[in-house]
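Following the hints, position chain B against chain A.
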Amino acid sequence: MYLYVTTSGLNSFFIETGELANFALRFFKEVFKRPFEFKEFLRQCYNMGNRSLLLVGVTGFIIGLVFTLQSRPKMIELGAVAWLPSMVSISIIREIGPIITALICAGRIGSGIGAELGAMRVTEQIDAMDVSGTNPFKFLVVTRILATTLMIPILVIMSDAVALFGSFLIENFKGDVSFTLYFDEVFRALTYSDLIPSTIKTFFFGFAIGLVGCYKGYYCKHGTAGVGLTANAAVVEASMVVFIIDFASVLITDIFYSI
Amino acid sequence: MDKSLNKVLKLGIFIIVGTILFIAGVYFIGEKQNMFGNTYNIYAVFNNINGLKPGNNVRYSGINVGTVKEIVMVSDTVIVVKIAIVKEITKHIKTDAKCAITSDGLVGSMIINILPGHKSEMNIAKGDTIRSFTRIRTEEMLQTLSVTNENAALLTGELLAITKEISAGKGIVGSMLKDTLLTKDLREIVHHLKITSKASSSTINQLNKILTSIDKKDNLVGMLRDTSVANKVKNIITNVEKSSRELDKVIDHLDLTIHNANQTITNVKDGKGAINYLSNDPSLVTKIDQTIGHLDSTVIQINNAGEKLNENLEALKNTWLLRKYFKNQEKEKEGN
Chain A
1 MYLYVTTSGL
11 NSFFIETGEL
21 ANFALRFFKE
31 VFKRPFEFKE
41 FLRQCYNMGN
51 RSLLLVGVTG
61 FIIGLVFTLQ
71 SRPKMIELGA
81 VAWLPSMVSI
91 SIIREIGPII
101 TALICAGRIG
111 SGIGAELGAM
121 RVTEQIDAMD
131 VSGTNPFKFL
141 VVTRILATTL
151 MIPILVIMSD
161 AVALFGSFLI
171 ENFKGDVSFT
181 LYFDEVFRAL
191 TYSDLIPSTI
201 KTFFFGFAIG
211 LVGCYKGYYC
221 KHGTAGVGLT
231 ANAAVVEASM
241 VVFIIDFASV
251 LITDIFYSI
Chain B
1 MDKSLNKVLK
11 LGIFIIVGTI
21 LFIAGVYFIG
31 EKQNMFGNTY
41 NIYAVFNNIN
51 GLKPGNNVRY
61 SGINVGTVKE
71 IVMVSDTVIV
81 VKIAIVKEIT
91 KHIKTDAKCA
101 ITSDGLVGSM
111 IINILPGHKS
121 EMNIAKGDTI
131 RSFTRIRTEE
141 MLQTLSVTNE
151 NAALLTGELL
161 AITKEISAGK
171 GIVGSMLKDT
181 LLTKDLREIV
191 HHLKITSKAS
201 SSTINQLNKI
211 LTSIDKKDNL
221 VGMLRDTSVA
231 NKVKNIITNV
241 EKSSRELDKV
251 IDHLDLTIHN
261 ANQTITNVKD
271 GKGAINYLSN
281 DPSLVTKIDQ
291 TIGHLDSTVI
301 QINNAGEKLN
311 ENLEALKNTW
321 LLRKYFKNQE
331 KEKEGN
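Read top to bottom, the protein sequences are chains A and B. Under the numbering used here, the first residue of the first sequence is numbered 1, with each subsequent residue one higher. Under the numbering used here, the first residue of the second sequence is numbered 1, with each subsequent residue one higher.
So here's chain A without its partners, still in its complex pose:
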């Protein structure tokens, strides 16, 4: 029985992975085909980008504040408080900014997409679109995946900037560090090997969040109860995929930049 469950679980995992890969392949096939749903794409960009900005900004700001506040006493103890801007900036730009923003977006955008498409699926709106001659995949999926792929990096950049500003405020209040000095230290510590790989990986984060959310919603089952499960599964799976991509990106970056 246990073996059957395990085999069944593994099978379903591989099946889902295969279906997700097919879904991605279909996306790449559809993305370059006309007609381009540009208006829907812009609407999705606005929903995912602008409307997530406040949440992402506040989170980033608090992360910057808290991270600096938590690190500062230990750095003072070590006599390395002057290195705080360098340490905070590298941590935020390389890892904390992208991963926190991606997780928040996975929660907000991934679940939103899953729930929206799931609801459309269970109410047969997607089928109706198909019948009416509109390509639902192109209209619903391609636009959303493209929007998340392009908006997440911008959200991450803004989150990084706000987090660094939050860190600066703490340094300014606690250590009388000027704006110029703080950001001079920040950019002196950073290199392209910090900024470029972390920015590139955010495109993959965005793509993964959109892909998982759309996949889960597009193939939603079990009626309205399934919508909630789909939203939940979209968040969980998107978060997992984000971590896997993050791990892979760090490995690849290590090969190219020897971090």
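Source of the hints: derived by calculation from the structure; they are not laboratory data. One or more hints might be untrue.
In the PhoX-like style, the derived pairs of lysine-lysine whose C-alpha atoms are separated by at most 25 Å in a straight line are [said to hold, decoys possible]:
#1 K164/B x K178/B
#2 K194/B x K216/B
#3 K119/B x K94/B
#4 K69/B x K91/B
#5 K138/A x K33/A
#6 K324/B x K39/A
#7 K39/A x K10/B
#8 K39/A x K7/B
#9 K69/B x K32/B
#10 K138/A x K119/B
#11 K53/B x K119/B
#12 K209/B x K198/B
Covered stretches of chain A (chain B as the covering partner; in silico rule of three or more C-beta atoms under 8 Å from a C-beta of chain B) [to be verified]:
#13 31 to 45
#14 48 to 57
Even for Gly, the Cβ is constructed at its ideal location relative to N, Cα and C.
Only chain B this time, still in chain A's reference frame:
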């Protein structure tokens, strides 16, 4: 404004702000690595770069003036480091400047530190190679420390042996620590030394007073220090020298005279003259005494005869024959 257009506008602003932030980040990072500024490439050769990496800072007099561009290993002992230096700084770096790879702080990343040159008048130019020197590395310092530790261990062992001997009362130091009589003697010596030093101190004070008074001119030494007095003394000494030379001559004459006198005396002693007789014959004294006695009686007789003669003359003056003659003589005396 249309609602959808408003959304698009907001989206545009969002995308542009995000893009500007990203470009600004790229620019500032690049600027710190001197990617966009006007830079010159110069070279430095090392035999060990101690973990230096491309992108590490280059400092000149403590200012960040460039970055490490490239590191090329030419041979097993020659590593060429390509350095990008800000163009404006090159006019301050002389050709005799030297560079070394140092650590930025105790646990910081490696940096190239350019030390200014002073002798050269020429500034470095594009493509120049500046001299380098290798600082003592941690491993070398540890090796030296290891040798020092071994020596310290040996010294400690020997010190331990010495301390044991001292504790056992061996040797002079041990005796000093253990022997109570010696301690007593030493205390006495110290006591006497104290007394002596006190006496010495007072003596030195007196000597100081004397030396101070010597400087004044109200005493003999002070006067001697005066140049005029010294000149006078010099003259006196010259005169004394002259006098002594004259005295020498006189003494020579005296010697001769004494010699002659000695000869004369010898002659007198040996001879049979009146002097020899006078000095050597004792009977002569007796004779002379007798003669003097005779002379005394003779003189008495003469005196008596003189008195009688005076009486006779007085009698003659009163005689009429010779009265006139005596009167004339008295008149002549009065006339003179």
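Comparing the hints with the structure gives:
1. Taken as a hint, the K164/B and K178/B pair is honoured in the structure, with Cα atoms around 13 Å apart against an allowance of 25 Å.
2. The hinted pair formed by K194/B and K216/B fails the criterion: a straight-line CA distance of about 33 Å is larger than 25 Å.
3. Pair hint K119/B plus K94/B holds up; C-alpha atoms about 8 Å apart against a cutoff of 25 Å.
4. Under the criterion of a C-alpha separation no larger than 25 Å, the hint pairing K69/B with K91/B is consistent with the structure, at around 20 Å.
5. Taken as a hint, the K138/A and K33/A pair is honoured in the structure, with Cα atoms around 9 Å apart against an allowance of 25 Å.
6. For a cut-off of 25 Å, the pair hint linking K324/B to K39/A is broken: about 206 Å separates their Cα positions.
7. Restraint check for K39/A and K10/B: satisfied, since their Cα atoms lie roughly 14 Å apart, inside the 25 Å limit.
8. The suggested pairing of K39/A with K7/B holds, with an alpha-carbon distance near 11 Å, which does not exceed 25 Å.
9. For the given pair, K69/B sits about 13 Å from K32/B by alpha-carbon distance, which is consistent with the 25 Å threshold.
10. The suggested pairing of K138/A with K119/B is violated, with an alpha-carbon distance near 74 Å, which exceeds 25 Å.
11. Taken as a hint, the K53/B and K119/B pair is broken in the structure, with Cα atoms around 31 Å apart against an allowance of 25 Å.
12. Taking the CA atoms of K209/B and K198/B, the gap is about 17 Å. The hint holds against a cut of 25 Å.
13. Residue count for the stretch 31 to 45 of chain A with a Cβ under 8 Å from a Cβ of chain B: 4. That meets the three needed, and the coverage hint holds.
14. A stretch counts as covered by a chain when three or more of its residues have a beta carbon under 8 Å from one of that chain; for the stretch 48 to 57 of chain A and chain B the count is 3, and the coverage holds.
Going down the numbered hints, you'll see the structure goes against 2, 6, 10 and 11, while the others check out.
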